[in-house]
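There are 2 protein chains.
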Amino acid sequence: MPTKRSVKDEARELRLYEDVAERVEGLIVDGTLRPGDRIPSVRGLHRKWSVSVSTVLEAYRRLEDRGLVEARPKSGYYVRAAPRLLPDEPESSNPPKRARRIRGSMAYRLMAEVTKPDLVKLGAAMPHPDLLPLKALDRLLAAAMRDEPASSHGYMVDSGYPPLRKEIARRMVDAGCTLAPEGVVVTNGAQEAVYLALRALTRPGDTVVVESPAYYGLLETLEVLELKALAARTHPREGVDLDALEEILASTDVAAVALVTNFSNPLGSVMPDAKKRALARLLDDYEVPLVEDDIYGELPYEGPRPTAVKAFDRGDRVVYCSSFSKTISPGVRIGWCAPGRYLERIAHLKLVTNTSSPSAPQLAIARFLSGGAYDRHLRRLRATYRDNVGRMTALIASTFPVGTRATRPAGGHLLWIEMPRGVDSMRLYESAARQKISIAPGPMFSANGRYVNCMRLNAGLPWSPRLEDAIGTLGRLAHRQL
Amino acid sequence: MPTKRSVKDEARELRLYEDVAERVEGLIVDGTLRPGDRIPSVRGLHRKWSVSVSTVLEAYRRLEDRGLVEARPKSGYYVRAAPRLLPDEPESSNPPKRARRIRGSMAYRLMAEVTKPDLVKLGAAMPHPDLLPLKALDRLLAAAMRDEPASSHGYMVDSGYPPLRKEIARRMVDAGCTLAPEGVVVTNGAQEAVYLALRALTRPGDTVVVESPAYYGLLETLEVLELKALAARTHPREGVDLDALEEILASTDVAAVALVTNFSNPLGSVMPDAKKRALARLLDDYEVPLVEDDIYGELPYEGPRPTAVKAFDRGDRVVYCSSFSKTISPGVRIGWCAPGRYLERIAHLKLVTNTSSPSAPQLAIARFLSGGAYDRHLRRLRATYRDNVGRMTALIASTFPVGTRATRPAGGHLLWIEMPRGVDSMRLYESAARQKISIAPGPMFSANGRYVNCMRLNAGLPWSPRLEDAIGTLGRLAHRQL
Chain A
1 MPTKRSVKDE
11 ARELRLYEDV
21 AERVEGLIVD
31 GTLRPGDRIP
41 SVRGLHRKWS
51 VSVSTVLEAY
61 RRLEDRGLVE
71 ARPKSGYYVR
81 AAPRLLPDEP
91 ESSNPPKRAR
101 RIRGSMAYRL
111 MAEVTKPDLV
121 KLGAAMPHPD
131 LLPLKALDRL
141 LAAAMRDEPA
151 SSHGYMVDSG
161 YPPLRKEIAR
171 RMVDAGCTLA
181 PEGVVVTNGA
191 QEAVYLALRA
201 LTRPGDTVVV
211 ESPAYYGLLE
221 TLEVLELKAL
231 AARTHPREGV
241 DLDALEEILA
251 STDVAAVALV
261 TNFSNPLGSV
271 MPDAKKRALA
281 RLLDDYEVPL
291 VEDDIYGELP
301 YEGPRPTAVK
311 AFDRGDRVVY
321 CSSFSKTISP
331 GVRIGWCAPG
341 RYLERIAHLK
351 LVTNTSSPSA
361 PQLAIARFLS
371 GGAYDRHLRR
381 LRATYRDNVG
391 RMTALIASTF
401 PVGTRATRPA
411 GGHLLWIEMP
421 RGVDSMRLYE
431 SAARQKISIA
441 PGPMFSANGR
451 YVNCMRLNAG
461 LPWSPRLEDA
471 IGTLGRLAHR
481 QL
Chain B
483 MPTKRSVKDE
493 ARELRLYEDV
503 AERVEGLIVD
513 GTLRPGDRIP
523 SVRGLHRKWS
533 VSVSTVLEAY
543 RRLEDRGLVE
553 ARPKSGYYVR
563 AAPRLLPDEP
573 ESSNPPKRAR
583 RIRGSMAYRL
593 MAEVTKPDLV
603 KLGAAMPHPD
613 LLPLKALDRL
623 LAAAMRDEPA
633 SSHGYMVDSG
643 YPPLRKEIAR
653 RMVDAGCTLA
663 PEGVVVTNGA
673 QEAVYLALRA
683 LTRPGDTVVV
693 ESPAYYGLLE
703 TLEVLELKAL
713 AARTHPREGV
723 DLDALEEILA
733 STDVAAVALV
743 TNFSNPLGSV
753 MPDAKKRALA
763 RLLDDYEVPL
773 VEDDIYGELP
783 YEGPRPTAVK
793 AFDRGDRVVY
803 CSSFSKTISP
813 GVRIGWCAPG
823 RYLERIAHLK
833 LVTNTSSPSA
843 PQLAIARFLS
853 GGAYDRHLRR
863 LRATYRDNVG
873 RMTALIASTF
883 PVGTRATRPA
893 GGHLLWIEMP
903 RGVDSMRLYE
913 SAARQKISIA
923 PGPMFSANGR
933 YVNCMRLNAG
943 LPWSPRLEDA
953 IGTLGRLAHR
963 QL
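Chains as they are written, first to last, in the working numbering: chain A, 1 to 482; chain B, 483 to 964.
Hints listed in this document are in silico derivations from the structure and should not be mistaken for laboratory results.
All of these numbers come straight from a predicted model, not from anything done at the bench.
Positions of the beta carbon are idealized from the N, C-alpha and C atoms, including for glycine.
Be a bit skeptical, because a hint or two may be false.
[Claimed, not checked] Just so you have them, the derived chain A footprint on chain B, three or more residues with Cβ under 8 Å:
{"hint": "1", "segment": "602-615"}
{"hint": "2", "segment": "625-632"}
{"hint": "3", "segment": "635-643"}
{"hint": "4", "segment": "661-671"}
{"hint": "5", "segment": "827-837"}
Work the whole structure out from these sequences, hints included.
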C-alpha cells in the first residue's frame with residue numbers, strides 16, 4: 001500500500017523539521033546561542049544529528065520565518081540581533097451586559113469583495129483556491145455526474161445524500177460524538193446550518209448569547225431574525241467565560257447560546273475539554289440550547305482535532321454545525337448540522353427553505369472523504385495555515401505600532417489583531433482598500449460597535465512577496481494614524 | 483452556420499407533423515372520416531400532400547397517441563370505433579372565504595420518494611433525468627471548473643454570477659420584462675426565491691392570498707413562516723378570479739398575493755395578458771405585493787412563452803421567481819428572483835440565509851444560455867411534455883371512472899385530475915405506493931383539506947410501457963373505490 005507509506009513518511013518528515021527547529025530554538029531561548037551568533041551550519045547539523053540536509057534547511061527556513069534567525073549570503077544563519085518577539089495576546093473582552101438588537105452590519109460589503117481578482121484578500125475568512133483540493137474534487141464531480149446522473153441532478157431530499165451523511169457521522173467520532181447518519185442534515189454551508197438552527201430555536205425579540213468579539217455572519221443572522229445579541233466575556237485562548245455565561249443565564253431569559261467552540265472566529269480560541277463539559281452541563285441545567293459552530297475544528301496545527309461540546313451533550317440540546325467551505329470548496333455550498341432533539345424541525349425548515357442542497361457535490365465529497373484523500377489534504381492544509389499564521393504574526397511584530405497585540409491560534413486560519421487605541425480600523429479598512437488590500441475591521445464583530453482598534457486577518461492565502469508587502473503596508477497605515 | 487439551419491429544420495419539421503395531424507383530425511371531427519373508416523394510406527398522403535413518408539408516419543403516430551386512430555397490422559390506420567373523448571375540465575374552485583394557518587402538510591413524505599429508484603414517479607413535479615440536457619451541462623461544468631477555478635469554487639456573492647444575471651435579464655425580455663442584471667438575485671431554486679420573498683414581505687400572523695388548489699411547496703412555506711393562507715376562487719384555464727381577489731383585498735388586510743401565473747402548479751392555468759394587466763393594476767391600487775412564481779413559463783406547447791405579470795408591474799411590487807429546475811437540472815439548485823422594490827432586503831436575506839448559491843453551476847448555466855443550446859433543448863422538451871400530457875389525458879379518458887375530469891394545460895408537465903366523489907386520493911396514494919407508483923394527492927394542494935377526490939400527475943417522464951401501465955393501474959385503483 002504505497003499511499004499509506006507515503007502518508008506516514010510525510011507526517012514523519014513534518015515532525016522532523018519541527019523537532020530540529022524546536023531544538024535550535026531551545027538553544028536560542030536558553031541563551032546558548034546569543035544574538036549575532038552563527039548557528040551550526042547545515043552540513044554540520046546534518047552530520048551531528050543524523051538528519052538530512054533538506055530537513056535542516058527546512059527547519060532553518062522555519063526559524064527564519066519566525067524571526068529568530070536570519071540568513072547572511074555566503075555565510076550561513078545567524079541569531080537575529082534583535083529577535084522579533086511575538087506580540088502580546090489580547091486580554092479577555094469585557095462587553096456591556098445588555099442585550100442589543102443588531103442593525104446594519106457591513107458584512108455585505110466585505111463579502112462583495114471576495115470576487116475581486118486584484119485584491120490581497122485578508123478580509124473575508126475564505127481560503128485561497130490554490131490551497132484547496134480542486135483538481136481532485138473536480139474529477140470526483142465529473143465521475144459522480146457520469147456514473148450517477150439521476151442522483152447528481154435530482155433533488156437530494158430526505159436531508160441529504162445518505163453516504164455523505166454516513167461519512168460525516170463517521171468523522172464526528174474524532175470530535176467525540178456518536179451520531180447516527182440519520183441525525184445529520186446537509187445544508188448550504190455552515191451559515192445555513194446556523195441560520196436554520198436559530199430559526200428553529202428562537203422567535204423575534206428573543207435573546208441569544210454570543211462571544212465577544214463574535215463572527216459577523218452570526219450577528220447578521222441575529223439581525224434578520226430580529227434577535228437580541230447578549231455578548232459574554234470571552235478569553236482569547238479559551239473562549240467564553242463560563243462564570244459570565246452563568247450570570248447571564250441566571251438573570252436573563254435566553255433562547256439560545258451560539259458559539260464557535262474550536263479555533264473560533266475571530267479569536268482562534270479553543271475551549272478546553274473540561275470547560276466544554278462544564279458548558280454542556282450548565283446549558284442542561286438551564287435548559288438552553290447551544291448552536292455550536294465548529295467549522296474550523298478539523299484544522300488544528302498539532303495533534304488530533306479537538307472535541308466538540310456536542311461530545312458532552314447529555315441533554316441532546318446542541319445543534320452542531322459545520323461545513324467543507326474552509327477545507328474543500330466554499331463554492332460547492334456543502335455544510336451540515338447535527339440538530340439533536342431539534343432534528344425534525346430543522347430538517348423541515350431545510351426542505352421548505354430551498355428543498356435540498358446541491359446534489360453532485362454531495363456525491364463527490366462523500367467519495368473524497370471515504371478514500372482517505374481528505375485526511376491527506378487536511379494534513380497539508382494545517383501545515384500551511386500554521387506556517388502562514390506564524391509568518392504573519394512575526395511580520396506584525398516587526399511592522400505594526402508598539403503595543404499591537406495578536407492572538408496565538410492553535411488552529412484555523414484567522415488572526416485577531418488589537419492595535420493601540422487611536423488606530424481606527426474602519427479608517428484602516430478604507431485606506432487599505434485604496435492599496436488593494438482588504439481587512440475585516442473590528443466593529444463588524446461586535447453588537448455594540450466595539451473593537452474599533454481591532455481587525456481580523458485571513459491567513460488562508462498562499463505565502464507570497466505581495467502578501468508580505470500587504471502586511472507591511474497595513475503596519476505603515478496603522479502607524480500613520482498615531 | 484450549420485447549427486442555426488438544423489434548428490430551423492427541426493422547428494419546421496415539428497410544425498409539419500402537427501399540420502398533417504391536424505388536417506387529418508379535422509377530417510375526423512367534421513365527419514368526413516367516420517369511426518371504422520380507413521384513413522388515407524401513408525404513401526397515398528405522401529404523394530397527395532407532397533410531404534415525406536416519415537412526416538406522415540409521425541403525424542399518424544400522434545393521432546394514435548391522442549386516441550383518434552388505431553393501427554391494424556398489415557392493413558393501415560382506422561378511425562377508432564369509439565374515439566376516446568377528452569375528459570371534461572374541472573370547474574372553477576370555490577374555496578372557503580377565511581384565512582387559515584397551515585399545519586402538517588405531507589410534502590415531506592412525497593419529496594422523500596423522489597430518490598427511490600424503482601418508483602414510477604407521477605408524484606413530485608420533477609422532470610426525469612433522461613429529459614434533461616445533463617451531458618451538455620456536465621461538460622460545461624467541467625469546463626467552468628477547469629477554466630475558472632477561483633470563480634467556480636469561491637463564494638458567489640453579490641447576488642450571483644454577473645454573466646448569469648445578465649443572461650437571465652436578457653431572457654426575461656421574452657416575458658415582457660425589462661430588467662437590469664443588477665435586479666436579479668440568484669437563489670437555490672424557485673423554492674428559495676419564494677421563501678425569501680415571503681420572508682421579506684410578511685410577518686408571522688399575516689395573510690397571504692393563494693390559488694385554490696395551490697402548490698404545496700407554497701403552502702409549506704406559509705406554514706413555517708406562520709402565515710395564514712386565504713384561497714381565492716381559481717379557474718382551471720385562466721387562474722385566479724380577479725373579482726374574488728378584489729373582494730378579498732377590499733375586505734381583508736393582505737400582506738401579499740402568491741401565484742403561479744403561467745402553466746400553474748397544479749392546474750396548468752395561464753392568465754391571459756389582459757387579466758395579468760388588470761391584476762397588476764389591482765395590486766397597485768391596494769398596494770399589495772405579488773410573489774409571482776413563473777417556473778413553468780418557458781414551457782408552452784405552442785407559440786412564444788407567455789408574459790409575466792411583472793411585465794405590467796408599474797408599481798414595482800412584483801417579486802418574480804423562477805428556476806432552471808424544471809428545464810436543466812433540479813440538482814444544481816439554481817433559481818432566481820427579480821425582487822423589484824424589495825431588492826435590497828431580499829439580497830440581504832439571501833446572503834444571511836446561506837451566503838450564496840452554488841458557484842460552478844452558475845458559470846455553466848450562463849454558458850448554456852448564451853450559446854443557444856438552451857433554446858434548442860427547450861424546443862425538444864416542450865414537444866415531449868406536450869406529447870406526454872396528450873397521451874396521459876387519452877389514457878385517463880379510457881381507463882378512469884366515468885365522470886373523471888382533467889385539466890388541459892397549454893404548457894408545463896403537470897395534470898390535475900378530478901375523480902368522481904367517492905374516490906379518496908389519500909387512499910389512492912397508499913394503494914398506488916404498494917404498486918410502486920407515486921402520485922400527489924389533492925389535499926396537499928389545499929389549506930383546508932379539500933380536493934380529496936383529486937390528484938396531480940407529473941408528465942415529465944419518458945414515455946414507456948411501464949408508465950402506460952401505471953396510468954392504467956391508477957384508473958383501476960380509482961374504479962375499485964367506487
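To see whether the hints hold, each was checked on the structure:
no.	hint	result
1	602-615	holds (count 4)
2	625-632	holds (count 4)
3	635-643	holds (count 6)
4	661-671	holds (count 3)
5	827-837	holds (count 7)
Of the numbered hints stated above, none is contradicted by the structure.
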